[in-house]
Structure formats: structure tokens, C-alpha cells
Amino acid sequence: MNKELFQSQLKMRRARQIAIQRGLISILDVGSSKITCFVLSFDGSGEFKDSDGIGPMSGQSSFRIIGVATTRSRGVRFGEIESIHETERAIRTVVQASQKMAGTRVDHVIATFSGARPRSYGLEGRSELVDGIVTDESISRVVASSEIPNIGVGREILHAQPVNFSIDNRSGLIDPRGQAGNALSVDIHMLTVGSIAVENLLYCLQRCDLEVAGLVSSSYCSGMSSLVEDEQELGAACVDLGGGSTGISIFLKKHMIFSDSIRLGGNHITNDISHGLHTDFATAERIKTFYGGVLATGMDDKEVIDLRSDTGDWEHDSRSVSRADIIGIVRPRVEEVLEEVKERLEVAGFNSLPSQRVVLTGGGSQLEGLDGLASKILGQQVRLGRPLRIQGLPQSATGSAFSSCVGASLFATSPQDEWWDFGIPASSYPAKSIKRVAKWFKENW
Amino acid sequence: MQPLSLKLDTRYEVDPAPSRINYRFQRLWLMRSFRLFTKLILPVFLCLAFIFFCFSNEKMLNFFKSYSSNAIDSFADRPELLIKLMSIEGASQPLERIIRDTLPISLPISGFDFNFTNIREVIESLDAVKSVDIRVISGGILKIRVLERVPEFVWRKNPKELFLLDEGGAIVGRVFNRAQRSDLPFVTGAGADVALVEIANFINLLKPIEDRVVAYSRISEDRWDIVLDNSQRISLPSEEPELAVGQFLILNQSENILDKEIERIDFRNKQRLTLTLKNNEINN
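So the protein sequences, as listed, match chains A and B. For the first sequence, my numbering assigns the number 1 to the initial residue and increments by one for each residue that follows. For the second sequence, my numbering assigns the number 1001 to the initial residue and increments by one for each residue that follows.
Extracted from the complex, chain B is given alone in its bound form (with noise of 0.2 Å):
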């Protein structure tokens, strides 16, 4: 008889099949059900299950948060993305040192420490910078462009302060008397510093008599009084102003009306000037 106990032996097959566990295994493979079962639902269970595991259990939460930080640390620290060195342009030498004082870095840092945007806001927020270009070049080198404000106006807020302003009325500085900056125009009164434009509108006329203007002042916030020597003032309205200072200069040279005993030259009234003699003179 034909040994029973070989047919278990492989190689003695003649026609191979397919085992009994390999059949149904295949069987339940062709299924679809447990195909969607194992492709898909456990890999995402097990996923869930273990992230559950994870968080869940806080000696593993803080292995993985020192882990991660260790990390981001390791690849912070690179000397690639070191910032060493920082160049100031554009700023006089007080605003360089200004700047670098209050910036609230310590070189060298890393990239990913560095934040622009907080950097940005603080050197804007320095009185004399009117806008900043901050960039990092090659080499870790931190380049900030400083367009400085340039002063135009001396301008007296109230009687104890004395700021300089740009051209659009921002304060660039303070300065502690008049004389420091004789060569700027003076500007006195509340508001004055939002209104500097209409300034600007006659500034230029007035060349002829600059040496005498002593300071414009604003009253009221509404308009200007421009203050020249021998206390003599002239009173503008608080609209269209150059046209009164046009005014003026027409009679100024047909006149030469300051030459006069005159403490007040009033244009608030269109339609009338109005002239103040001084004291004494009424009395003469």
C-alpha cells in the first residue's frame, strides 16, 4: 500500500493545492468586509488607539513635549541659522545707540528665536524712525534699514516741553531750550503738530521776512498767528491762510507795514483788515 503518511510531505506532491488554513484564510481575504476590516478600520483604530495611549498618559505627554522641544532645540542651535552680528543703516549715531539699547535681543540668536514683527514694532515705535526694513543676510547677519524722521519744527506743547517735529507734525526728539535748534521754525500751541501742513502752504512765502518771524503759533486749534519781532503778530484765518499771507506781502511791500507802529495785522475778516497800533502810539 502507498505510505498514508507521505502524502503530508511536500515534496511527494504531485498536484499541489492550496492548504486547508491557506483556503479559508484567502477565503476571508476575498471578502469584502474584512478587507475594508483590515485595510482600513483597524490600521486607524490602532492609529487612534495608540495617539489615546499617549496623550492620555502624562509621563509619556511630557516625554514626547521635552522630546519634541529637545528637537526644535538641537535644530535651532545650528550655527547656519545663528544671527551673530547686527548693522544699523540709515540712523545717526544717537538712534544707532538708542536702537541697540532697546532692542530686547541678545546676539547671537538663533533664526527661529527671532521675532521680526515684535522687532519691527519696537524700533518703529522710537520717536525718530519713520520706517525700518529688517532683514537677515548671509552670514547671520541681521541688517535693519532705519529711514530716520528729519526734524523740521520746534514745537512748544506747553510751557515746560519742547519737541521737535518732522514735516507731517511727528515728534522726532525733545530738545530742552529754543536755542539748541535756532535754525528751525518754532511752533507753539496746543495742535500745532496736526496742522504743520497749512504751515508748510506759506512757510516758503515768507522768505523775504524770515529773519524777522519769531514763531508761529497756533490758537485756539483752529488757526495761526504768525509772531514776528517787536511783538508784532499777524492774525491769519483759519481757512485758506496763504492767501492772507499773500495779502500781507503785497502790502508788506507796498507799505512796508511792519516798519510802522503796528502790534496786530488782522485777516480773520475777509472782507476787512484790521490793524491794532500799539499803545503808545494811540496815546501819541
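Pulled out of the complex, with its shape left as it was, chain A reads as follows (with noise of 0.2 Å):
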């Protein structure tokens, strides 16, 4: 692992530790149809006692969001930017909008983005123990010690999550410090992105004054809100159906374990119906949202809408169509997204986890009857997911399509264990020198 990243990640830890102790965050999730503002409040411990009955849910009731704005998405294809300048007066306007929402002005950012081509990578690390007892020293040891793959030119950790620590022949440990063993090794998950991407959204967050405290994979994000403990635990895949891209996670014992992102989305679906229809985008957006569908019955021959545009032609404006045609239009596509995370989560074993649920999120997931489609493709166990609650978020951003904001929340408040956070070992420090020389001294004299 490379110094720059270690130091680049950990500023961004000490920036998220900074807002949180200043008691503002802001949220900024980068998708491709819509960008979304958060600004959290910390405000100590949050109206919830425990005698209340509510525990501490796992850091949500100690925020509370203050600030909530959205607006069309600008220059974003794919989850990633293409236009920055479009992009950063979006940002602006997001920005400035739940600023002033708040009432107050927050400097530190934690940005989602779903593109950016995200690749998952198994690592493995294995250090044997030099005291027969697992310390920090020996988990930081241990950490370091596994081998990082090629990923490529231009590409860049996003992030490096432990996942799994085995002493000796016991696998599936949480927190093994403190166990005796002969040897410790450990899983990560490391996911990598494009770094051209993600130069760009930093680029634009610089340019809109807001310093970044973290950058999260928001198919990370959607499945850390809107899958719930247990199939976190149990295993769990969440595919973010998003306006220009679809992200996948998959999730084992709380840890994510697999992420991918297909470059599919809602917008895909709008772009075939205005290409079935002759209509413009917007027509066509308007008429996926109202009358989309993915099962076709009987009534739907006789629904029919209005396929209203400005184009002077009489002919052409007039026309009308069944909804049955829409469904028609719009069912292929989203086979073909489903078909495509079937095929990702069979590559990246997800038939072989003990429980096979399947939860959809993000905006596409609205569809009529997708549910029913999904588990025809995925499997029996889907279920439709909504982002959990958090305390003054407002009920227009309480939809599917903020499951990745609201993840992008909880993040801020109780980030994982990443590589950088245990630490460089002492083994790679010039002090390791000293204490031979200190060694020295004692042999010799």
C-alpha cells in the first residue's frame, strides 16, 4: 500500500473527525439523474434515551439532518462526471440550497458517486504471531502484510475494509485481539475505482470551497441503509437501480464483500421509450415515472395516454399509445439489467452464500411489478427496499431513490475499519532501527 493514499485517506479521516466534533456534515450524493444535499447535525447524544427503547441503532439517532436539497443532475453520465462546470453549478446549487435550508454554513463533505467502473478485489493477508497473542501491533502487522494485485494504471483504492481475521485454523473472527494462535490472516475487501472520476469530483468539491471528509462507493452506501441488521449479517446482495448506472453490493457478516456497478440504469429505460415513442426526454421521463410497468395485464390494453409534445405537426402531436406498449418498451431493459446482475453475482459467488436475498433500492426500484420480475430473474428471495429512517429527514427524501444518501449518513457517523485506520506497523518506521541499536548496546556492554 502506497504512502499517499495512507495519508490522503487518513486526512479525510481527521476532516470527518473535525466536522463531527464541529457537529455539521454534509452528504452530497453524485448521481446521474438527480444530486442530492444532506447537512447532519450532531447534536450529542440525540433525543433517544435508552429507556426510550431505543438503542443507539447504530449511530443514526445521535444526527439528525438540518438540510435537504436536490436538483437535476448536470454533466453526470454513468455516475461519473463528464461535465465538470455543469456539474459543480449543480453542486452549487445543492449545496447552497441545504445551506440555507440549515440555516448554517458547513465546510466538510462526504460525497457518494455510483461509476467510476468499481472493481472488488479478495486479499488475503497472513503474519505469524510473535508473542503467541494477538495485539494491535499484530492486526496493523498483519494488515500490511497482504499483497495488494495489479489494478491497473489509472486506477485508485477506494476502499480496503477487513473483513475477516483467522487465527490459525478458527476463521470467521471479528475482533481477534486479545486470542493466542501461532498465526493471524486476515481478508480484505478492496474496491477500486477509475481515478480520473474521482479526480474530477474533487476537483469540483474543491471548487465549491467544501472540503471532502470521505468519498464512499454508493452501491456501499445504498446496501448499508437499505438492507436490514439481519441480512447484513446473513448475506445479503443490494443492487442500487440508479438513473445511469446499477450498483451492486453484496453483503456477509456486516461487512461488504463484493461491489460492482453496471452502466444500466433508469436513464436507459427513459432513452428507449423516447426512442419507441418519437418523444422528448422529458415527455418520455414523465411517462416511464407515471405509467411505467414491467407486467403487463389485460387492463393495461385498455389504459391509454397521451403522448402530448410541441412539434406543430397535428398528427404527430396527437398520438396516443397503450400502456401495454410502455410496458413493452420498458420490460426488455430492465430484463436486461436484471439479467446482468444475475450474471455479476454469479461471477462473484453469491449462489454459494447461506442466504440468497436479494434487495432492490435506489429510484428504478419504484417500477410497477418489479418485485415480481426481479425474483423471476434473481430468485424468490427479493424484496423491495427502502432506506432506513433517520430523525429530520423529510418525507420527499425518504424514498428508495436516497437509499445511498441515507447510507452515506450512517457512514459519517460510524465509518468501518479501513486498512488506514489500523495504522502504519511499527516494522515499516525508521524506530524499528533504533531499537537495534538500543539491542546493540545491551548485548555489548
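Derived from the structure by calculation, the hints contain no laboratory data. Watch out, some of these pointers could steer you wrong.
Stated by the list, open to error - Calculated Cβ distances over 12 Å to all of chain A for the following chain B residues:
no., residue
1, 1029
2, 1032
3, 1079
4, 1136
5, 1168
6, 1179
7, 1194
8, 1215
9, 1243
10, 1269
To be verified - Computed Cβ-Cβ distance ranges for the label pairs, DEER-style:
no., chain 1, residue 1, chain 2, residue 2, range
11, A, 206, B, 1036, 27 to 33 Å
12, A, 211, B, 1046, 29 to 35 Å
13, A, 153, B, 1036, 49 to 55 Å
14, B, 1046, A, 153, 55 to 61 Å
15, B, 1038, A, 6, 41 to 47 Å
16, B, 1049, A, 199, 44 to 50 Å
17, A, 147, B, 1037, 52 to 58 Å
18, A, 100, B, 1049, 31 to 37 Å
19, A, 211, B, 1051, 51 to 57 Å
20, A, 153, B, 1039, 33 to 39 Å
21, B, 1038, A, 147, 35 to 41 Å
22, B, 1036, A, 233, 47 to 53 Å
23, B, 1022, A, 199, 53 to 59 Å
24, A, 6, B, 1022, 34 to 40 Å
Unchecked claim - With the C-beta cut set under 8 Å, the calculated list includes, among others, these residues of chain B facing chain A:
no., residue
25, 1015
26, 1017
27, 1018
28, 1030
29, 1031
All C-beta atoms, glycine included, are put in the ideal place defined by N, C-alpha and C.
Two chains, two separate frames, one set of hints: put the complex together.
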């Protein structure tokens, strides 16, 4: 692991800590169809007490959302920034609006994005235990001992989370500290993304005078917010059907073990409708949201939808289609997306997990009848997931389209330990040489 | 290609967004310290600086002084606030003239410059005035209502000075000889003015021999002598002189003592009445 990454990630961690100390942080979700900004306020222990019967709820009772703004995304395709200035303007719009709602200014931001071709790697590290007992030092040593595969040019590491520890033959340990054994090994899930997309996003945030307190993969966030706790524990896949891309994340034992992204999303459905019906994009979007579906019934033939347009050609402007026609356009595309998801899940070895739960979330999951179609393709254990509720979230932002934002809010309060949180093992410090000098003195004098 | 330059033109903007300056300014404005600074500290500082500038510069200071005094004058000179007339009630002709002469004001005068306390003090310092009530009534008339002291006694303080006293002993005015106010009882001796109350206690009892009384004389600022014609004299004790007067009247009624050749009837010793005979009587 190179030092630069370490430093940049630790810098973000520090920024996050400063933001939490100040009590304000903003969450920015840069999506292909919308850009959302949340302003989070940390006000101590929150209004819920243990006596209310509500536990800490994985940290989300300690903050509340005081500002929310959403705008149409601009300059973003497939979850990647294509036109920096357009996106910057959109980010300015949401940040300003959410600050206005919150009545305060925020300097730190945790950004999530879905694109940039994420790729998952499983890393393995192994080291002998010197004292026969696991200490913090030995954990950082074992983490550092894992070998990084060649991730390719122009890519960088976004997440590197230790997901499993094992001592000798005992696997599945969450916290091995204090346990005795001969060798400690660790499994690390590493997620890499294209560095150009990250740099573009960082440039946008810097242009908006925001300090980055974290960069998170949006599929990871969606899984955090829309999978319930036992799903995260037993194993489940979260499919975030976004506008420009579809994120997949597989959780097991409360860790994300796999993440991927398909460059297909709701915008492609809109595109298909626009192509198929010869309408403009806005009308197609409207038809998709109001009449879109994936299961045609007899009733759908009778439901006639006017295709309003403004070309001046009366014949063209006064067309109408039945809902069945629209479903006929939408369904193949949705099937394509879900087939792709299935393929990726199979590649990831999802079938070998103890539970094959699939949770569909994201704005695309609001499509009517999607759960029925998805259960035919992805297996029987499919459900639609909405993000869990957090304090102060307005009703308009509780839908499944906001699951990655909510997940990033949870990430802000309780991020999982990543590689860089374990610190650099002392062996890589020059301090070792001082020790050697001391040892030499001891032996010779 | 879509023309890049057109994007700056707001007419073509589909999605409005704040400009960078707008965004930055709003973020600045949302800082509490900056808000406090612009809304409180800066204005206060500017005001203080302006005031300091004004009062540190002599020219400006003079300008402000003359400006403010002009403004006050122009307001004070309004005809609604002018006092044009003075009417004096309850004072005798000479007193009224004295008041008019002594008052340090010349009419018409503005109500702003009119000093009520000063005027009151001046009028009350006049001997003949017991109390005064000053008010300005509508129409710009200054109304002075005077309560005059009524002279009750003529007092010879020393051989040269004759004063008129009211019942409380306050000086009302001066006379040049006794004959001017022969209707009033005559009092002599130093300290007589303070002890006039004692006379008041017995002066009514002396009604029957009123025309024989020449003067009431204060002796040693301690007691009274009643001086009668025929160079007769009644010496009263310093305490409870009215009892002695009563005693004398009874004596006079029964014995007609005044018709006898007695020079002095002395009541100073309570146990013993002393009569002094006239000199030639003794010789007889």
C-alpha cells in the first residue's frame, strides 16, 4: 500500500472527525439523474435515550438532518462527471439550498458516487504472531502484509476493509485481539475505481470550497441503509437501480464483500421510451414514472396515454399509446439490467452464500411490478428496500431513490474500519533501527 | 457542437444555479461570526468612528454647536411658546410695582428661556410676599398670584429702624415713623420679632385697656414688658405671660390698680407680686 493513499485517506478521516466535533457535515450524492445534499447536525447523544427502548441504532440516533436539497443532475453520465462545470453548478445549487434550509454553513462533505467502474478484490494477509497473542500491533502487521494485486493504471483504491480475521484454523473472527495462536490471517475486501472520475469529483468539490471528509461508493451506502441488520449479517445483495448505473453490493457478516456497477440504469429505460415513441426526453421520463411497469395485464391495453408534444404537426402531437405498449418497451430493458445483475452476482459467488436475499433499491426500484419480475430472474428472496428512517429526514427524501444518501449519513457517523485505520506497523518505521541500536548496546555493554 | 460561449447567457440556462460569487457570499454570510461582525460590530464601530471624527475636529464641533443652538432658538422663538403679558394678582399697588421692577425679565420672552424657579425665588425674596404661585396660561400670559403678608405690628428694632411685622414675625416692610401706622400695636426690643407668638396669646385679653397700651417691649430677648401711658409698666415673666396678664386684669378690675400711683407692676416672681410706686409718692 502506497503512502500517498494512506495519507490522503487519513486526511479525510481527520476531516470527518473535525466535522463531527464541530457538529456539522454534509453528504453529497452525485448521481446521474439527481444530485442530493444532506446537512447533518450532530447534537450529542440525540433525543432518544436507552430508557425509550430505542438503542443507539448503529449511530443514526446521534445526528439529525437539518438541510436537504435535490436538483436535477447535470453533466453526469453513468455516475461519472463528464462536464465538470455543469456538475459544479449543480453541486453549488444543492449545497447552497441545503445550507439555506439548515441556516448554517458546512465545510466538510462526504461524497458518494456510483460510477467509475468499481472493481472488487479479495486480499489475503498472513503473519506469524510473535508473542503468541494478537495485539493491535499484530493486526496492523497482518493488514500490511497483504499483497495488493495489480489494479491497473489509472485506478485507485476507494475502500479496503478487513472483513474477516482468522487465527490458525479458526476463521470468521470479528475482533481477534487478545486471542492466542500461531498465525493471524486477514481477508480484506478492496474496491478500486477509476482515478479520473475521483479526481473530477474532487476538483468539483474543491471549486465549491468544500473539504472532503470521505469518498464512499454509492452501492456500499445503499447496502448500509436499505439492508436490515440480519440481512447484512446473513448475507444479502443490494441492487441500487440508479439513473445512469446500477450498483451491486453483497454484504456478509456486516461487511461488504463484493461491489460492482453496471452501466445501465433508469435513464436507459427513458431513452428506450423516447426512441420507441418518438417523444422528447422529458415526456418519456414523465411517462416512465407515471405509467411505467414491467408486468402487462389486460387492463393495461385499455389504459390509453396521450403523448403530448409540441412539434406543430397535429398528427404527431396527438398520438396516444396504451400502457401495454410502454410496458413492452420498459420490460426488455429491465430484464436486461436484471440479467446483467444476475450474471455479476453469479460471478461474485453469490449463490454460495448462506442466504440469497436480494434487495432492490434506488429510484429505478419504484417501477411497478419490478419485484415480481426480479424474483423470476434473481431468485425468490427478492424484496424492495427503502432506506431506514433517520431523524429529520423530510418525507420527500425518504424514498428508495435516497438510499445511498442515507447510507452515506450512516457512514459519516460510524464508518467501518478500513486498512488505513489500523495505522502503519512499527516495522515500517525507522524506529526499528533505533530498537536495533538499543539491542546492540544491551548485548555489548 | 453546442456553443460553449452561450452557456454564460442566462437566457439559455435551463437549470438555474447560483454564481460562484453568490455561492461564496452566501457561505460567508452563513458564518455566524461574519454575520455578527457586519450586523453589530461594524455599524457600531462606524458610528463611533463618525462621532469621534466629529468631536475631534474643532471646526466640525463649532458647526454642530451653532447648528444645534440655531435649531433650538428657532424652535423656542415660535409665537406659540412666547410669553407676552404678565398679570399679577393679590398684590397691592406698590407691591405690584416693586415686583414688576425687580423681575429680571423683559417681555415678550420665550417659554424656553423663562426660569420659573429663579422668578419664584426673586418674588419670594421680597419681604411683603408670603407665597407666590406662578403659571403660564394659554395666550402666553404669565400669571403671578401673590399672597401678601399682612402687617400686624410695628417694631422698633433699634432707635433708627422701624419695621412692619406680620403675625409670624416676618418683616413686611419699613415705616419711617410710628404715626404712619398708629393703628397697629407697637413692639420694641431686640428679638421681639421671634417672640411675637407670645404676644398673640395675651394681646386679646388686653382689649379693655387697649387704648392705654403704648408698646410691648421685649427685655433681654427673654420676656415682655407692657408699656402703658403715664409711664407705667407691667413686667411679665418669661414663662406663661398670659397667666400673668389674666392675673393683672383681675387685679385691675377689682382694685383699679392702674389708677393708682404705681410705676411698675412686676409679675416676674410667681410667688410674689411686686409693685413699684412712683418716686414722688414715696416722698409723700
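Review point. Taking 12 Å as the cut and beta carbons as the points, is residue 1179(B) off the interface with chain A?
Key: 99 Å, holds
Exercise for review: Take the C-beta atom of residue 6(A) and the C-beta atom of residue 1022(B), compute their distance, and say whether it sits inside 34 to 40 Å.
Suggested key: This hint holds: roughly 38 Å between Cβ atoms.
Check your understanding: Closest CB-CB distance from residue 1194(B) to chain A, is it above 12 Å?
Key -> Holds, because the least Cβ-Cβ distance between residue 1194(B) and chain A comes to about 82 Å, which exceeds 12 Å.
Check your understanding: Looking at residue 1168(B) again, its CB stays over 12 Å from all of chain A?
Key -> Given a closest Cβ separation of 78 Å, the condition holds.
Check your understanding: Within 44 to 50 Å or not, the Cβ separation of residue 1049(B) and residue 199(A)?
Key -> 49 Å, holds
Review point. Measuring from beta carbon to beta carbon, are residue 1046(B) and residue 153(A) in 55 to 61 Å?
Key: With a Cβ separation near 60 Å, residue 1046(B) and residue 153(A) satisfy 55 to 61 Å, so the hint holds.
Check your understanding: With 8 Å as the cut and Cβ atoms as the points, is residue 1015(B) at the interface with chain A?
Key -> It holds, given that the least Cβ distance between residue 1015(B) and chain A is near 6 Å, below 8 Å.
Review point. Range hint 47 to 53 Å: satisfied by the CB atoms of residue 1036(B) and residue 233(A)?
Key: Check passed, 50 Å falls within 47 to 53 Å.
Review point. Per the hint of 41 to 47 Å, is the separation of the Cβ atoms of residue 1038(B) and residue 6(A) within bounds?
Key: 42 Å, holds
**Study point:** Supplied distance hint 29 to 35 Å, evaluated on CB atoms of residue 211(A) and residue 1046(B)
**Key:** Holds: the Cβ-Cβ distance is about 34 Å, inside 29 to 35 Å.
Exercise for review: Starting from the hint 27 to 33 Å, judge whether the C-beta atoms of residue 206(A) and residue 1036(B) obey it.
Suggested key: 28 Å, holds
Point to revise | chain A versus residue 1032(B) - minimum CB to CB distance exceeding 12 Å, so not interface | key: Label violated. Min Cβ-Cβ 8 Å, cutoff 12 Å.
Violated hints, in rising order: 1, 2, 19, 20, 21, 23; the structure is consistent with all others.
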